[in-house]
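As a plain string of letters, each chain reads:
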Amino acid sequence: MVDALHQAHRAVRPGGTIIDLRPDSDHPPRVIRGGRAIGGLYERPHAVSDNHFSDRAVARVVGEGLLTRIRRGHFWYELPIADLAALDDYVAESRRIAGYTRGTHALLARDPGRPIVVKRALAYGIYRRV
Amino acid sequence: MAEPVGDIGRIGCPSAVRPADDIELRKMRAARYFAGKDVLDIGTGDGRLASLIARTARSVVGLDPDPAGIRAARRRGVPNARFRVSTAQDLGVGKERFDTVLFSWSL
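Residue numbers (the numbering used here), protein chains in the order written: chain A, 1 to 130; chain B, 1001 to 1107.
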């Protein structure tokens, strides 16, 4: 990741901008149905550790004096899912999502045909090339 | 890249689990970093975000290690966007320089 940031640093003009946009492991996905939050999903350990590794890589390159941070933050977006079967598929096939938080699947299974919304958070950081 | 092709969704396309519209651009309030700029999008996937950025950018180059994603991106036919198979560790952009580099779910 540090290599990738160094490559990006070489590719951007002096005074230019590097933006890092990725899933936010500090804010795990939430499961919404009928407008109510009823549970959540949790991420695979490797996804969380990769995210932290990326955080450290960015901090290192900033520490090297190659970038200065302009600002960072996070935001949520909604992913509509047709029903519980579709959400099961989504969880099973995801490289990031490991499973349902305790009790979430049982609640969804009481009415499996209803549409579901997964709210996911994205984190971003905006940096200026020195 | 930690996860070169992003988070594969139920239809097998990385972008299937990404936002459907331009919410990233709106929420980051980053328009100024793209408008009139030469932009490099690393981890472009099927070019969804790159094609949105290209509406205001001078040019966009989208890179992704997934050939199927790059084929889909090219099919969008965005005139000021180019797409090619590449990784963040080996950008392959030569001496080309950009005003903005975006890591799209790829760092």
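Source of the hints: derived by calculation from the structure; they are not laboratory data.
Note that the structure is predicted; figures quoted are calculated from it, not measured.
Here a beta-carbon is modelled for each residue, glycine too, at the ideal position from N, C-alpha and C.
Where hints are given, some of them may not hold.
[What the hints assert, rightly or not] Derived, one-sided and incomplete: chain B residues facing chain A with beta-carbon distance under 8 Å: (1) Glu-1024; (2) Tyr-1033; (3) Ala-1035; (4) Ile-1042; (5) Leu-1052; (6) Val-1078; (7) Arg-1084; (8) Val-1085; (9) Ala-1088; (10) Gln-1089; (11) Leu-1091; (12) Thr-1100; (13) Phe-1103; (14) Ser-1104.
Against the structure, the hints come out as follows:
no.	hint	result
1	Glu-1024	6 Å, holds
2	Tyr-1033	5 Å, holds
3	Ala-1035	12 Å, violated
4	Ile-1042	7 Å, holds
5	Leu-1052	13 Å, violated
6	Val-1078	19 Å, violated
7	Arg-1084	14 Å, violated
8	Val-1085	16 Å, violated
9	Ala-1088	4 Å, holds
10	Gln-1089	5 Å, holds
11	Leu-1091	5 Å, holds
12	Thr-1100	5 Å, holds
13	Phe-1103	5 Å, holds
14	Ser-1104	6 Å, holds
Of the numbered hints given earlier, the model fails hints 3, 5, 6, 7 and 8; all others are met.
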